[in-house]
Every structure is written in C-alpha cells, then in structure tokens.
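Engineer: Okay, here's what each chain looks like letter by letter:
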Amino acid sequence: MQATAREKVLWLIAIALVLLYALIPVVWITSLSLKPPAEVADGRFIPKNFSLKNYDTIFSTNIFNAALINSIGIAAIATLISIVLAAMAAYALSRLDFGGKALILSGALAVAMFPPISIVGPLFNMWRTLGLFDTWPGLIIPYLTFTLPLAIYTLSAFFREIPWELEQAARVDGATPFQAFRKIIVPLAAPGVFTSAILVFIFAWNDFIFANTLTSTSNARTVPAALAFFTGGSQFEDPTGSISAAAVVVTVPIIIMVLIFQRRIVAGLTAGAVKG
Amino acid sequence: MPAVLRGRSIRGVVTTALVAALVLAAAGCGFSESTSGGRGKTIKWYVFNEPGGAFEQAIATCNKQAGGKYTIQYVRLPTDADQQRELVVRRLAAKDSDIDIIGMDVIWTAEFAEAGWIKPWTGARAQRALNGKLKGPQLTAQYKNTLWADPFTSNTQFLFYRKDRVPKPPPDFTWDQMIDQASQRGKAIEVQAARYEGYTVWINSLIASAGGSIVDENGNVKVDQTAARAAQIIKKLATSKAAPPGMSNNKEDDARLGFESGRSDYQTNYSFIYASAAKIKGFQPKIGVAPWPRVDASKPPRVTLGGINLGIGAYSKNPELSFQAAECLAQPENQVVASEKGGLAPSTGVLFSNPRVKKVLPFADIMSTQIENGVPRPVTPAYSDISQAIQKTFHPPDGVDPSKVVSDLRDKLKKAAEGKIF
Amino acid sequence: MADKVTGRAREERRLAWMLVAPSVIVMVLVTGYPVVYAIYLSLQKYDLRFPNDKKFVGLSNYTDVLGSSTWWTDVFNTMVITVCSVAIELVLGMLIALVMHRAIFGRGPVRAAILIPYGIVTVVAAFAWRYAFNPGTGFVQHLPLVSGTANPLGSRGGSFLVIVLTEVWKTTPFMALLLLAGLALVPDELHEAARVDGASVMQRFFRITIPLMRPAIIVALLFRTLDAFRVFDSVFIMTRGANDTETVSILGYNVLINRVNLGLGSAVSVLIFFAVILIAMFFVKVLGASTAQQTGEA
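Protein chains in written order, with this note's numbering: chain A, 1 to 276; chain B, 1 to 422; chain C, 1 to 298.
Hints in this document: simulated from the structure, not taken from any laboratory.
This structure is a prediction, so every number in the text was calculated from the model and none was measured.
Cβ coordinates follow ideal geometry from the N, Cα and C atoms, glycine included.
A portion of the hints provided could be inaccurate.
[Unchecked claim] Distance ranges between label pairs, derived from CB positions:
1. B/E333 with C/K55: 44 to 52 Å
2. C/P144 with A/I13: 16 to 24 Å
3. C/V146 with A/R95: 35 to 43 Å
4. B/Q225 with C/V146: 40 to 48 Å
5. A/V172 with C/T6: 20 to 28 Å
[Claimed, not checked] Some chain B residues flagged as far from chain C (calculated, every beta-carbon gap over 10 Å):
6. R90
7. N249
8. P285
Based on the provided sequences and hints, a complete structural model is requested.
Structural biologist: Next up, the structure:
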C-alpha cells in the first residue's frame with residue numbers, strides 16, 4: 001500500500017513530536033551548562049554567549065572526578081556480579097526442571113517491586129555496625145539485589161530462545177563439552193547477556209536513594225548523590241552552572257551507549273512479554 | 001553467522017571497557033576530598049567550603065605553628081547548612097574516626113553533645129576558649145553548663161538598603177514601616193523564606209525581637225503571642241507589593257541576586273553580600289547598612305546568631321592534638337583573616353575595633369552590638385526537628401494564619417520534642 | 001532404567017538449586033533480612049540523638065504514624081502523583097507505541113530518541129526540569145502565554161505539575177515499550193477483517209486492539225504504579241517535600257536519615273512496604289494481572 005504524501009507528512013510530524021519530547025530537557029541542560037556563570041539566570045533557552053567555564057570548575061575539584069570514578073566502578077562491578085549470578089539462575093530456570101520455579105520468579109518480582117526506602121534504614125544501621133558505610137561494597141550489595149530480578153527475567157527470556165540442541169549436535173560431532181559451550185552456546189547467549197548487562201548498568205548508574213543515604217564522602221559517593229551536594233562560587237551561591245555541566249558529563253556516555261545499542265535494549269525490555 | 005561475529009566483537013569491546021573501568025576504579029579508590037601531604041599526625045577539619053581562601057590560610061598558619069606535631073587537612077562540606085548537618089550526622093552516627101575537628105554550625109551544639117558525638121572542653125582549655133569572646137557566641141557553644149566547642153566565627157543579619165534611593169532608616173525603624181514604605185514605592189524587600197533553616201533564622205529573630213522565645217532555658221516549649229506577631233509580619237510582607245518574586249523559594253543567594261538586580265530597596269542578609277557587591281562596578285557605594293529592623297518600635301532588635309564553633313569528634317584517634325589544632329584555628333589572627341577573605345565576623349570582642357576588620361566590614365560596630373545581644377536558636381538536642389516543625393508551621397509565607405499559628409506551633413513542637421511525626 | 005531417570009532428574013534438580021542459590025541468597029539477605037530488622041526497629045523507641053533512651057515500645061510508633069495527619073496527607077500526595085503520572089503515561093505511552101508500531105519510516109530514530117529519557121539519570125532530569133521552571137534561570141517564563149513571574153515551584157499545584165511532568169517524561173518510554181510488546185501480539189488479520197467490514201480506525205482501536213492488549217496493559221500498569229508509588233528522586237530534587245508535596249518516601253527519609261529517629265522511621269518504612277503489597281495484591285487479585293508469560297509456562 002503506497003503511503004500518500006499526506007500520510008507521510010503526518011508521520012513526519014508525529015516522529016518530530018516524539019523527538020522533541022525526548023530531547024528538550026537534554027538540550028536545555030546542555031545549554032545551561034554552556035552559559036557563562038554570569039548569564040545562568042537570564043532564562044534564555046539558547047545561550048547568548050558560550051563558555052566552558054562550568055566544565056573547568058567541575059573538573060578542577062576532586063569531588064566530581066571522585067564521584068565519576070565511584071559511579072563507573074560501582075556500576076561496573078555490580079553489573080558484572082549481577083550478570084554472573086543471574087546467568088546461572090536464568091540457565092537453571094529456562095533449561096532445567098525443578099519445583100519452585102514460579103516461587104523464585106515471583107519472589108524476584110517482589111524484590112523488584114520493593115520500596116527502597118523501606119530498607120535504607122536497616123541497611124544504614126547494619127552497614128554502620130559492619131563498617132560498610134560509605135564504602136563500595138556498601139553500595140554494590142544493594143545494587144546487586146535490585147538488579148538481579150531484572151537480569152534474571154531478561155536472561156531467562158533470552159535463554160529460552162536459544163536452540164540448545166545445537167550443543168548436543170556439536171557434542172555428537174565430536175566436540176568436547178567445553179568446546180561446544182565456547183563455540184556454540186557463548187556466541188548465542190552473548191547478545192542476551194550483553195543486553196542484560198546494559199539494562200543492569202543503567203539501573204545502577206541511575207540510583208539516587210541508596211547512594212544518598214549509604215555514603216557521605218567521595219569514598220563512595222556516586223554522581224547522582226554528588227550532584228545534590230555541589231557547591232557554588234560563594235558561601236551561599238546556587239551552583240546551577242556546575243550542576244548542569246556535571247549532568248551533561250554523566251549523560252553523554254549514556255546517550256552514546258543508548259544510541260549504539262538501541263536495538264538490543266528494546267529487545268531486552270520487550271523480551272519477556274513477547275513469545276517468539 | 002554474521003550476528004554471531006558482531007556479538008563477539010562487541011563483547012570484546014565491552015569486556016575491555018569493563019576491565020579498564022575496573023582498573024580505573026581500583027586506582028581511584030584512594031580519592032578523597034582533602035589535600036594530602038605533611039608531617040606529624042593528620043588532623044582532619046570538616047567544615048563548609050569557604051571560597052575566599054580564609055580557612056586555607058588559617059590552616060597554613062596553624063600547620064606552620066605546629067612545628068611538625070600535626071598537619072591539618074581541609075575536608076570540604078557543602079555550603080547548605082542542612083546538607084552539612086546531614087553529612088556530618090550520618091558519619092558521626094556511624095562512629096566515624098575520620099572526623100577530628102568539626103566546623104560546627106552554632107545550632108548543632110546541643111544535638112551533638114547529647115548524642116555523645118563530640119568531646120567536652122574542660123579546665124584551663126575551656127577558659128582559654130571563652131576568653132574575650134562575645135556573650136552571644138559563648139552561649140551557642142554551651143549546653144548543660146558545659147563547653148562543647150571553641151567559638152570561631154560569628155554572623156548575624158543586617159538591614160542593607162539602597163542609599164541612593166531611600167533615606168537612612170531611623171534608629172527605631174520597624175518592619176511594618178519598612179513594608180509600608182517599600183510597598184508605596186513598588187520595590188521589594190529581599191528576605192529568605194524558602195522552607196529551610198534560613199527561614200527559621202528569620203522567624204526566630206522576629207519572635208525574639210518581639211520579646212518572646214520559642215523554648216525556655218530548660219528546653220521546654222514556650223510559644224506565646226509573639227509567634228502570632230511574627231506570622232503577622234511575614235504574611236504582611238508576603239501579601240504586599242513589597243514581596244520579592246519567588247519569595248517562598250528564596251534563600252540567601254536569591255536575595256543577594258535580587259538586590260543586585262535593582263528590584264528591591266531593602267534586604268536582610270549576612271555580611272557576605274557586601275563583599276560580593278564589590279564585584280559589580282559602582283554598586284558597593286550604593287549600599288547602606290543599618291541594624292536589623294524592629295518588630296516593636298520600643299524594643300531593640302534581637303537577631304539570630306550564626307557562625308561556626310570548633311568541636312572535637314568523639315571518635316577521633318588524636319583527640320589531644322585535635323584540641324590543640326582547634327585552639328590554634330580559633331585564634332584572633334585567623335578570625336581577622338576570616339573577616340578579610342570571607343566576610344565572616346569574629347567572635348572575639350576586641351577584634352571588631354581591629355583596623356583590618358573595619359576596612360572590610362565598615363559596619364563592624366553595628367555587628368558587634370548585634371552579636372553581643374544576639375539570640376541563639378532553641379538550644380535542644382532535637383533542634384533540627386524543632387526547626388523543621390517551625391518551618392512547616394510558617395510555610396508558605398503568604399499562607400500562614402496568625403490566628404492559628406500559636407496553637408499549631410505548640411502542637412508541632414510538642415510532637416517534635418517527643419520524637420513523633422509532626 | 002527407571003532408576004537412571006529419577007537419578008538424572010534428581011541431579012538436575014540439585015544442579016538447578018545450586019545455580020539459583022547465590023541469586024536467591026543475595027535477594028533474600030538484602031531485602032528479607034532488612035525488612036525483618038526494620039520491623040524489629042519499628043517496635044522500639046530508638047533515636048540516635050538520644051542513645052540512652054532506647055527501649056521497647058510495642059506498636060506505639062505505628063499508632064503515632066497512622067494517627068498523624070501528616071502521614072495521611074503524604075499518602076494522599078503520593079497517590080496524586082502516582083495516579084496522575086500513570087494515567088498520563090498510559091495515554092502518552094500508547095501513542096508512542098502506536099507510532100513505533102505503525103510508522104512507515106523513521107522507526108530507528110524514534111526508538112533511539114525515546115530511550116534517552118530511559119537512560120538519563122533521574123536526578124539529572126529532575127534538575128533539568130527544575131531549572132527550566134525556576135524564575136530566573138528558567139526558560140518557561142519566557143515562553144509566549146506564560147507570565148514572566150510565574151513560579152510553579154512555589155505553590156502546591158504547580159509543584160505537583162512539575163513533579164508529574166518530570167516523572168512522566170522519564171518513564172513513558174518504559175511504558176511505551178511494554179505496550180509495544182503487547183501491540184505486537186494483536187494479529188494483523190483481525191484488523192484487516194474489521195477494516196473490510198467497514199470499522200473505523202477508532203472502532204478498531206477500542207474494540208480490537210485494547211481488549212486484546214488488556215493483559216499487557218495491566219502488567220504495564222502494575223509495574224508503573226508500584227514504581228510511581230515509590231517516587232523519591234524527583235520530589236527530593238524539586239521541592240524536598242515543601243509546598244505540601246511531601247510523599248511517603250520523603251517522610252521516611254526525613255525521619256530516618258535527617259532526624260536519625262530509627263524507630264519511628266522504620267515504622268514508616270514498614271507501612272510503605274505494606275502499602276506496596278496492597279497495591280500489588282489489588283492488581284493481581286482484582287484486575288487479574290498475570291506475569292505467567294514471564295515464566296515461560298504460558
């Protein structure tokens with residue numbers, strides 16, 4: 001069916017609207033970050049003069065650099081451990097037969113739906129007694145917990161789609177179990193693992209409430225929590241420019257990652273709901 | 001199998017990236033907010049980030065005087081008082097031994113003392129700490145007849161006005177008069193009425209200037225009609241033509257910016273705005289400084305005290321050296337530097353006649369009178385609850401009901417003191 | 001032969017349990033244990049600023065919370081934000097899902113674009129929108145038809161507006177993707193048949209698409225409602241609960257972390273936990289939300 005010119009125009013408008021919707025705050029915060037500090041309160045959407053002063057400011061103090069390292073490191077480690085644990089569980093759930101599957105899955109769902117505020121109190125108390133307060137493990141452990149359900153669900157969905165018989169076929173053809181695993185299973189599972197890793201990383205990168213309550217210095221404070229504690233140029237100054245610059249720095253990698261891997265992310269998010 | 005190949009190469013990229021991140025992370029584990037290096041024991045001073053360089057100079061002076069016994073490190077806290085407290089409290093509650101000296105906001109004394117988070121100052125040391133200090137700052141560092149910190153800097157708010165637009169306020173200038181005048185001229189009065197600690201400062205000053213107080217000496221709730229009077233003034237300003245734009249969200253810096261933009265004739269704020277005004281060509285000479293406005297024409301104003309006292313962390317590994325370092329930091333020379341570089345007022349009385357201080361703060365005499373008669377905020381361990389309860393009762397400024405304020409405040413304060421939801 | 005089969009089955013079960021054990025242990029320990037600990041703490045009077053006053057007080061923390069108007073106002077505020085956000089997200093998400101499903105070109109850019117709000121740190125989004133509406137820094141005040149001194153973040157209604165806007169902006173993509181998956185399940189032949197029979201676009205949408213998508217819609221609503229009820233980041237950055245916009249999570253934070261009143265704060269936390277369970281039960285029992293598809297058994 002040929003699309004009429006009118007239909008094409010309408011679709012173009014629809015798509016433009018969606019793009020606008022997604023990009024306005026991103027363009028806005030970038031614009032704020034590029035304004036020279038004196039013009040930050042002028043209310044213009046596009047800056048009158050461009051200046052990189054705000055970026056200078058945030059990289060000159062240790063606070064932001066430390067927060068970036070914390071964010072990257074903690075999210076990466078949490079992702080790694082989460083994927084390994086979830087892959088094992090997902091393999092069992094999708095390939096092996098045992099009672100309690102439904103229990104585990106609904107339990108995982110329950111954990112994902114948990115209100116974080118309900119456990120920050122006890123965690124704060126537990127961590128301060130165990131000495132995990134303001135440390136990397138102190139954040140990695142709760143992140144693990146809240147990303148495991150997401151990872152297990154996504155990986156289960158992917159693993160269900162893998163033709164495991166290929167492994168058998170390879171074994172029959174003379175490959176050792178390890179060879180079969182490495183050459184057949186791993187490449188088939190890789191996209192699913194990768195997608196899950198991205199989703200988990202975004203989740204851990206994004207967290208605010210745990211980062212805020214379970215840390216208090218650059219030892220472990222991640223960027224979202226650090227953003228809320230930025231200081232301005234004078235004792236009482238509002239650090240709008242610095243916060244905007246920091247926001248851009250922490251957003252650009254995510255945007256790039258999302259743009260490159262959009263297909264996989266969409267596949268991962270819709271994996272569980274669609275069969276076949 | 002093209003899909004497989006793509007998966008593998010991307011996998012390789014990701015693995016490398018992850019490994020790189022982990023290596024970076026391991027290397028970065030040693031990041032901290034403080035500068036390092038130096039001889040002797042390291043004494044960490046947790047205090048807000050003072051951008052003028054006053055604290056850095058004080059630290060340098062004391063490190064030199066220490067002669068290798070200790071080295072003080074500057075650990076920067078956020079500028080917002082509420083955030084400073086949150087961070088410090090969390091660490092002290094976690095029994096952190098990293099905190100040696102705390103640049104304590106004057107309102108933390110009772111709370112930290114009762115919780116056992118700071119060490120008391122006793123004997124000759126306590127006498128030296130109080131020696132020569134104005135009465136106001138002295139009061140803020142004491143709780144239950146014990147000294148808990150060494151007063152360092154002080155602070156109160158003043159009335160700043162546009163000399164080129166309005167006449168010098170008479171000695172018994174009241175809030176009512178100021179609001180009427182400003183409304184007539186159609187210009188604003190800059191205040192701080194966001195729902196935060198700064199709002200409690202204003203309310204506390206109004207109530208004290210009306211002759212009342214919020215709690216008595218024993219920490220019991222003592223709210224009376226003066227609270228209604230305070231609410232009256234706040235509401236009058238908020239609903240008049242002199243209300244600054246965004247009043248219910250404004251903090252100290254919003255007030256400063258508003259005043260600098262020319263939209264207001266009057267401003268109640270701290271002395272830092274005076275130093276900041278020097279950065280704008282020709283603006284500082286236009287600013288006049290007067291005592292804080294009165295609530296009652298016959299009663300001189302009593303203004304809320306701010307400032308920093310130096311306390312010693314209870315879990316510090318080097319308490320003796322920390323005490324010595326704190327005494328050094330609070331010495332008169334460092335207070336003068338704090339005035340020169342940070343626009344902060346001293347706590348030692350004679351320094352207000354010091355020519356260097358007077359040069360930077362020409363209204364030093366108004367300062368010393370207000371600080372001497374300054375009123376602390378309620379001295380109770382549950383202060384942060386009390387402050388939140390006060391803020392909740394009075395916010396938003398245009399919605400506060402003077403006829404209900406007294407009972408509302410009494411009710412909330414009682415619940416706050418009992419550790420209940422308010 | 002029978003022995004071998006059951007032997008293998010048993011081995012398989014053991015392997016399975018060994019594989020899931022680490023995940024289960026982590027999840028149980030880090031959510032289960034703190035919940036139990038929170039319940040324990042909530043039965044005490046325990047304020048870190050008065051460390052010597054710790055004592056067992058039974059349910060009095062709960063009676064205090066449930067009897068305070070602040071708690072119920074906060075529940076109301078949380079429900080307002082939840083209902084408004086989810087309702088708007090449903091409509092907006094459906095529209096975007098339709099665009100993605102049916103667009104004859106440009107699916108790639110659309111898909112990429114809507115993932116941006118999903119990937120952005122919530123706190124960043126909250127700051128961006130806060131600065132946009134702040135008189136002074138904001139550009140909203142300079143838009144046509146908007147007053148130059150408008151201060152949405154200074155009033156209750158305005159604050160709700162900005163908070164809901166931020167939440168909707170951030171999470172509609174997730175809703176859209178869930179709905180897209182549901183859309184894909186509606187067979188095209190049904191649409192064709194209906195079109196041939198003369199049904200209009202609207203009729204086809206409401207009589208065919210929506211009913212067939214019902215399970216997906218309900219699952220999406222379940223996820224998003226539970227998420228929205230736990231809202232914290234946006235409110236914290238926008239108003240911190242001022243202007244009467246305090247939500248239950250902010251109340252919990254204020255009592256626990258700000259007032260370091262662990263006993264009272266734990267009571268608030270436990271009550272929030274029960275509220276979430278209630279919502280989930282409502283969706284599952286009353287609306288029949290089913291995640292059966294997820295277990296691969298449907």
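Engineer: Confirm or reject each hint.
Structural biologist: Hints versus structure:
{"no.": "1", "hint": "B/E333 with C/K55: 44 to 52 Å", "in the structure": "49 Å, holds"}
{"no.": "2", "hint": "C/P144 with A/I13: 16 to 24 Å", "in the structure": "20 Å, holds"}
{"no.": "3", "hint": "C/V146 with A/R95: 35 to 43 Å", "in the structure": "58 Å, violated"}
{"no.": "4", "hint": "B/Q225 with C/V146: 40 to 48 Å", "in the structure": "42 Å, holds"}
{"no.": "5", "hint": "A/V172 with C/T6: 20 to 28 Å", "in the structure": "25 Å, holds"}
{"no.": "6", "hint": "R90", "in the structure": "7 Å, violated"}
{"no.": "7", "hint": "N249", "in the structure": "5 Å, violated"}
{"no.": "8", "hint": "P285", "in the structure": "26 Å, holds"}
Hints 3, 6 and 7, counting from the list given before, are not met by this structure.
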